[in-house]
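Q: Work the whole structure out from these sequences, hints included.
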Amino acid sequence: MKKLLTFLILCFFYGASAQRGDELLVYSVKGKVTATYKNEETPVKVGKVLNQGMTIKTEKDARLTMVCKQGKPLSVTKEGVYPVSRWKDSCKNINGSITSNYFQYIWSELYHRSDEYKEDLEKNNNLAVVRGDAPYRYEVYPEGMLMVEFSPALDTINYATGSFPLAWICYDYAGKYQFQLYTSKERRLVFKDSIDGNEILIDRFRKKLKPGTSYAWTITAKAKTGVIRRRILNVVPEAKISDYIVSIKQTVDVHEDSAAQYFRIGYLLEKKHYLADAYLYYQQAAAADPEVSLYRDKLTSFRYEFHLDVVEEKERKGNK
1 MKKLLTFLIL
11 CFFYGASAQR
21 GDELLVYSVK
31 GKVTATYKNE
41 ETPVKVGKVL
51 NQGMTIKTEK
61 DARLTMVCKQ
71 GKPLSVTKEG
81 VYPVSRWKDS
91 CKNINGSITS
101 NYFQYIWSEL
111 YHRSDEYKED
121 LEKNNNLAVV
131 RGDAPYRYEV
141 YPEGMLMVEF
151 SPALDTINYA
161 TGSFPLAWIC
171 YDYAGKYQFQ
181 LYTSKERRLV
191 FKDSIDGNEI
201 LIDRFRKKLK
211 PGTSYAWTIT
221 AKAKTGVIRR
231 RILNVVPEAK
241 ISDYIVSIKQ
251 TVDVHEDSAA
261 QYFRIGYLLE
271 KKHYLADAYL
281 YYQQAAAADP
291 EVSLYRDKLT
301 SFRYEFHLDV
311 VEEKERKGNK
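For the sequence shown, our numbering begins at 1 and goes up steadily by one.
Be a bit skeptical, because a hint or two may be false.
[Unchecked claim] In the BS3-like style, the derived pairs of lysine-lysine whose C-alpha atoms are separated by at most 30 Å in a straight line are:
1. K249 <-> K45
2. K69 <-> K92
3. K210 <-> K123
4. K222 <-> K240
5. K30 <-> K123
6. K123 <-> K298
7. K30 <-> K88
8. K45 <-> K57
9. K123 <-> K78
10. K272 <-> K249
11. K271 <-> K30
12. K30 <-> K45
13. K272 <-> K208
14. K222 <-> K317
15. K185 <-> K123
16. K78 <-> K32
17. K38 <-> K78
18. K298 <-> K314
19. K314 <-> K249
20. K45 <-> K92
21. K32 <-> K92
Read the hints as simulated data drawn from the structure, not as lab findings. For clarity, every value in this text was computed on a predicted model and none was experimentally measured.
A: See the structure below:
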């Protein structure tokens with residue numbers, strides 16, 4: 001009997017633990033929506049964890065979209081009172097599409113910022129997983145040569161318009177760099193310049209770029225840098241990006257507030273290497289809903305990864 005009791009307790013404990021992290025999270029809210037739990041009613045905001053036992057109340061003209069850990073969005077578009085338990089079996093049969101992958105990402109990012117996640121860490125005496133700075137690829141050089149770092153995202157950029165830097169990091173060199181841009185197939189030199197700092201704006205040579213053409217760029221320095229491999233800059237027609245953005249908007253058939261849609265568009269543009277355009281949408285997302293830490297954090301890390309913070313600081317000083 002004692003062994004059976006111990007077994008049941010362990011089953012309950014591990015079963016409850018397994019269910020933690022499977023909650024619905026709020027993805028988008030419009031109008032007045034509240035959640036009631038243990039007789040306490042609170043406003044529903046983006047990122048809120050909706051536990052079993054909660055009741056959701058939506059007022060007239062309100063809209064609520066939740067997201068499952070499996071990557072499925074669920075919407076409430078009618079006025080009413082809804083127990084969260086009604087969606088307990090609604091997150092099955094996910095097809096592994098780009099959209100479901102995106103919502104899995106959103107669920108994870110929101111959950112790791114939630115109070116429930118922090119409370120679980122404290123209870124289990126664990127440290128939070130630190131999400132590191134932007135990734136960088138280290139070029140490998142022989143001993144005695146400078147090490148230059150590049151974001152992997154700069155291996156290939158698809159570009160149409162906008163101000164965006166090509167950037168790198170080298171901690172042991174403060175001199176000038178020689179930048180060269182040439183056609184990737186014919187290797188015809190299109191532009192070259194000697195620059196200070198660790199970035200160059202595409203604006204500097206944008207007039208020389210032709211839509212539909214693929215370019216390559218490299219940097220060298222007077223100090224020994226070894227062979228720095230070339231990186232690709234694909235110049236695409238503006239209409240191509242516009243058409244892609246239209247298609248992105250149409251892939252989701254649930255309600256999104258403006259900030260959520262801006263962020264989703266920015267994220268998918270970044271995945272397609274449209275970095276200049278992604279930056280504009282990340283900015284719009286953070287401006288549309290400054291209270292959502294995910295939007296702020298992403299904008300901050302994006303600016304850091306591509307030296308946009310450095311560029312903008314230089315522009316501010318130059319305008320004084």
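Q: Decide, hint by hint, whether the structure agrees.
A: Against the structure, the hints come out as follows:
1. K249 <-> K45: holds (23 Å)
2. K69 <-> K92: holds (10 Å)
3. K210 <-> K123: violated (58 Å)
4. K222 <-> K240: Violated. K222 to K240 sits at ~40 Å, over the 30 Å cutoff.
5. K30 <-> K123: Measuring from Cα to Cα gives roughly 34 Å; hence the hint is violated.
6. K123 <-> K298: holds (28 Å)
7. K30 <-> K88: Satisfied, since the Cα-Cα distance of roughly 23 Å is no more than 30 Å.
8. K45 <-> K57: Status holds; Cα separation ~13 Å.
9. K123 <-> K78: violated (38 Å)
10. K272 <-> K249: Given pair K272, K249 holds - Cα atoms ~15 Å apart, limit 30 Å.
11. K271 <-> K30: Judged against 30 Å, a Cα distance of about 28 Å means the pair holds.
12. K30 <-> K45: holds (10 Å)
13. K272 <-> K208: holds (23 Å)
14. K222 <-> K317: Status holds; Cα separation ~28 Å.
15. K185 <-> K123: violated (58 Å)
16. K78 <-> K32: holds (12 Å)
17. K38 <-> K78: Holds, at roughly 24 Å.
18. K298 <-> K314: Holds: K298 and K314 sit about 22 Å apart, inside 30 Å.
19. K314 <-> K249: Violated - the C-alpha atoms of K249 and K314 are around 35 Å apart, more than 30 Å.
20. K45 <-> K92: OK: K45 and K92 at ~25 Å, within 30 Å.
21. K32 <-> K92: holds (29 Å)
Consistency with the previously given hints fails for numbers 3, 4, 5, 9, 15 and 19, ordered from lowest to highest.
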